[in-house]
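Full structure from sequences and hints, please.
Number of protein chains: 2
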Amino acid sequence: MGRILKKRTSIDDALRCFLENVFPLRKTEEITFEFCTDRILAETLVSGRDVLHYRRAAMDGYAVRASDTAGASPANPAQLQLSDRIETGSAIWVHTGTLMPIGADAVVVVEDTSIEGDIIEVRAQVYPNRNVADVGEDIKRGDLIFEEGHLLRPCDAAVLASMGLDRVKVFQKPIVAIIPTGDELVSRERAGEVPPPGMVLETNGLMTALYVRKWGGIPRHTGIVPDNPDSIKKAVEANLDADMIILSGGTSVGKRDHVPDVLASLGDVLVQGIKVSPGKPTVLGIVDQKPVVCLPGYPVAGFVALYFLVRPVIKRLASIASPNECVLRKRLATKITSKKGYANFICVFFEGDKAHPFTGAKAGSLSTVAKADGFVLVPENVEVYDEGEEIDVFLLE
Amino acid sequence: MGRILKKRTSIDDALRCFLENVFPLRKTEEITFEFCTDRILAETLVSGRDVLHYRRAAMDGYAVRASDTAGASPANPAQLQLSDRIETGSAIWVHTGTLMPIGADAVVVVEDTSIEGDIIEVRAQVYPNRNVADVGEDIKRGDLIFEEGHLLRPCDAAVLASMGLDRVKVFQKPIVAIIPTGDELVSRERAGEVPPPGMVLETNGLMTALYVRKWGGIPRHTGIVPDNPDSIKKAVEANLDADMIILSGGTSVGKRDHVPDVLASLGDVLVQGIKVSPGKPTVLGIVDQKPVVCLPGYPVAGFVALYFLVRPVIKRLASIASPNECVLRKRLATKITSKKGYANFICVFFEGDKAHPFTGAKAGSLSTVAKADGFVLVPENVEVYDEGEEIDVFLLE
Numbered sequence: 015m016g017r018i019l020k021k022r023t024s025i026d027d028a029l030r031c032f033l034e035n036v037f038p039l040r041k042t043e044e045i046t047f048e049f050c051t052d053r054i055l056a057e058t059l060v061s062g063r064d065v066l067h068y069r070r071a072a073m074d075g076y077a078v079r080a081s082d083t084a085g086a087s088p089a090n091p092a093q094l095q096l097s098d099r100i101e102t103g104s105a106i107w108v109h110t111g112t113l114m115p116i117g118a119d120a121v122v123v124v125e126d127t128s129i130e131g132d133i134i135e136v137r138a139q140v141y142p143n144r145n146v147a148d149v150g151e152d153i154k155r156g157d158l159i160f161e162e163g164h165l166l167r168p169c170d171a172a173v174l175a176s177m178g179l180d181r182v183k184v185f186q187k188p189i190v191a192i193i194p195t196g197d198e199l200v201s202r203e204r205a206g207e208v209p210p211p212g213m214v215l216e217t218n219g220l221m222t223a224l225y226v227r228k229w230g231g232i233p234r235h236t237g238i239v240p241d242n243p244d245s246i247k248k249a250v251e252a253n254l255d256a257d258m259i260i261l262s263g264g265t266s267v268g269k270r271d272h273v274p275d276v277l278a279s280l281g282d283v284l285v286q287g288i289k290v291s292p293g294k295p296t297v298l299g300i301v302d303q304k305p306v307v308c309l310p311g312y313p314v315a316g317f318v319a320l321y322f323l324v325r326p327v328i329k330r331l332a333s334i335a336s337p338n339e340c341v342l343r344k345r346l347a348t349k350i351t352s353k354k355g356y357a358n359f360i361c362v363f364f365e366g367d368k369a370h371p372f373t374g375a376k377a378g379s380l381s382t383v384a385k386a387d388g389f390v391l392v393p394e395n396v397e398v399y400d401e402g403e404e405i406d407v408f409l410l411e
Numbered sequence: 015m016g017r018i019l020k021k022r023t024s025i026d027d028a029l030r031c032f033l034e035n036v037f038p039l040r041k042t043e044e045i046t047f048e049f050c051t052d053r054i055l056a057e058t059l060v061s062g063r064d065v066l067h068y069r070r071a072a073m074d075g076y077a078v079r080a081s082d083t084a085g086a087s088p089a090n091p092a093q094l095q096l097s098d099r100i101e102t103g104s105a106i107w108v109h110t111g112t113l114m115p116i117g118a119d120a121v122v123v124v125e126d127t128s129i130e131g132d133i134i135e136v137r138a139q140v141y142p143n144r145n146v147a148d149v150g151e152d153i154k155r156g157d158l159i160f161e162e163g164h165l166l167r168p169c170d171a172a173v174l175a176s177m178g179l180d181r182v183k184v185f186q187k188p189i190v191a192i193i194p195t196g197d198e199l200v201s202r203e204r205a206g207e208v209p210p211p212g213m214v215l216e217t218n219g220l221m222t223a224l225y226v227r228k229w230g231g232i233p234r235h236t237g238i239v240p241d242n243p244d245s246i247k248k249a250v251e252a253n254l255d256a257d258m259i260i261l262s263g264g265t266s267v268g269k270r271d272h273v274p275d276v277l278a279s280l281g282d283v284l285v286q287g288i289k290v291s292p293g294k295p296t297v298l299g300i301v302d303q304k305p306v307v308c309l310p311g312y313p314v315a316g317f318v319a320l321y322f323l324v325r326p327v328i329k330r331l332a333s334i335a336s337p338n339e340c341v342l343r344k345r346l347a348t349k350i351t352s353k354k355g356y357a358n359f360i361c362v363f364f365e366g367d368k369a370h371p372f373t374g375a376k377a378g379s380l381s382t383v384a385k386a387d388g389f390v391l392v393p394e395n396v397e398v399y400d401e402g403e404e405i406d407v408f409l410l411e
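Line by line, the protein sequences are chains A and B. Numbering of the first sequence is given in the working numbering, commencing with residue 15 and proceeding in unit increments. Numbering of the second sequence is given in the working numbering, commencing with residue 15 and proceeding in unit increments.
Keep in mind that a hint or two might mislead.
Sample of chain B residues with no beta-carbon within 10 Å of chain A, all distances over it, derived [to be verified]: (1) Q95; (2) K183; (3) I300; (4) G355.
The list that follows gives simulated cross-link-like pairs (lysine-lysine, DSS-like), each with its CA atoms no further than 30 Å apart [said to hold, decoys possible]: (5) A:K368 to A:K289; (6) A:K294 to B:K353; (7) A:K354 to A:K154; (8) B:K154 to A:K349; (9) A:K154 to B:K353.
No lab work stands behind these hints, which were simulated from the structure alone. These numbers come from a predicted model, not from an experiment. Just so you know, even glycine gets a beta-carbon here, dropped at the ideal spot from N, CA and C.
Here you go:
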């Protein structure tokens, strides 16, 4: 029988306690660049090549010996002979990217020249290396390009490709098993019929699966498990090959809410109950070293637990560094009052620089979340945000 | 022969002129929810069902006639008979989500009760509808849920699924043909060998393809096309079945730069040359009503054109509304000087609330972009941002 460590914990403490028990997977795979965007590099990359690998003209114009242009100006142009090799007094046409001809050490840009037959008039003096790009100008052989853990963007892929790579080692995405529990649930395969009274379509698992994928995991959505301890236990055990398990429903104190006890019988319950509204009945635990999150069955409560407790765990498993969170500053269009002792999750929609909160009866319905642009998390110790107050608003993903 | 409308235009003017000629595709397809995240709804959705579709208990406790609890308090509890049907003086156990028994109009929460045999002691008065969720509480049949053009998030999918939908109509993603041009280019299929001097691996097409996919398009990456007008013309014509064409390279004024002329021969060149550094030689046009962008061959210049001119066009084609851009306020760690008359693109890396600009020789290399966290776009009319100045920084995607 496992331990139950914490009851009714703040979001921050709950997350800290959970993350202390979650470790990056570090399983790797090799992929080509085609789908590398947003993957995490599992190796530190040092360039094996010089990029550029040759000395090239950096502008369109004439490759010359710089010394042949000494003193050249519009009033006193130098005259060079168009040629196919560089000697004293000769010039070769080059365009951006051309290999510099042997013997040339500078390029006069075409705008500073004119041509008459095979005589080039040069109206500006150039110094050695002017408009010439050297070997290794972009990347030198041996340069450290990216460290392990770097999140790959399209521009990064192009840099790696320029070094002659055609694949990279990245961390595998965590597999997240999603187990909906509840006798009242009807599979979405039967979405065409209205369920009998007392029964509802299973939709929290769908929402969870789509967020798991968005946040960098691979969802494995299992069938619906009935509200009995044995079935729930078997479902958890059958999914211990996954990297994380999310159960949905059955976390409250009702007679049917077996999930916390089952979790305690299989491993450790770290946190039972979070000081956030909605989202209170969330349970966090570890079974067989795998993080297990039990989401409340109420959709908005489940949503809150996903955002604040599942998202950071998936990112930790996947070795994704904390992102630069996109926080907007908005003015509250109407006052918010918040339940004391709880962090309060409140959806808002935007109108210019104003955030309008959704309050009242509908605040707990997922269709309200779906109408929202963002959300506010009112801290535990704040009871009121006044109308017109400037607050941090998070974009709803 | 097409027209050339504008030379050396500001980014804003160029983009405005281009977008006036680009229209949302509006071709639709039906998809299931599994991969609906970030897709754009192509229909306005009105619910065909009530969600909830039955009257249910909103808490765990006892379903009762509210009138039977009149005056109940801890000092003066009401006594009710546990039963399987509701009559005067009876109560039925319910948990959250249970269909309300016929005749019951309220739920007393379990915390306000105790049980002794089959007698329930009720220590609080409830009013009709207390702790009862009504039919249509979340969504009423006929409610407008989302308008056409809505970007689907995971929470939205769950709402649609709760209405009994199992698929949605979305706009097709635009197909974007990507045509790398240049005699100096070597296919990445030969990435294993260092190219001969004067030749370079084709990597701009890769970068472009990955950004196209990230921004909501489907990239179609063609083979490398040599620097001659006929080949370029044939490649453009062969891809006019795509929704947009991006050519890379050959846009400058060098002797090999045929792309603008080819474009003018096939359609209209709207803009040739943008007042941005790097990125000046970008060309924008329309052929057969399809937007065509010619990216400069220099990787950072190509990158700038992708960000400021390709991204908004893909979003327009895909009917993706302007996103809430993630702009961060940072203090400049060192002074930036900027080329007058040009918007200057400058990469920065972050250190706390400070942004360190990359300047000097390396500023034009893609490996510098790859080292950056974000970028600053210094407006045309600004020549200096001072050290310590607070500026807008865009996150680099």
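Do the hints match the structure? See the list:
1. Q95: holds (19 Å)
2. K183: Since the minimum Cβ distance to chain A is about 16 Å, K183 of chain B lies beyond 10 Å and the statement holds.
3. I300: holds (26 Å)
4. G355: At roughly 17 Å from the nearest Cβ of chain A, G355 of chain B sits farther out than 10 Å, so the non-interface label holds.
5. A:K368 to A:K289: Holds - the C-alpha atoms of K289 of chain A and K368 of chain A are around 28 Å apart, at most 30 Å.
6. A:K294 to B:K353: Not OK: K294 of chain A and K353 of chain B at ~56 Å, beyond 30 Å, violated.
7. A:K354 to A:K154: violated (59 Å)
8. B:K154 to A:K349: Within the cut-off at roughly 27 Å; holds.
9. A:K154 to B:K353: holds (28 Å)
In this structure, the earlier hints numbered 6 and 7 are contradicted, and the remaining ones agree with it.
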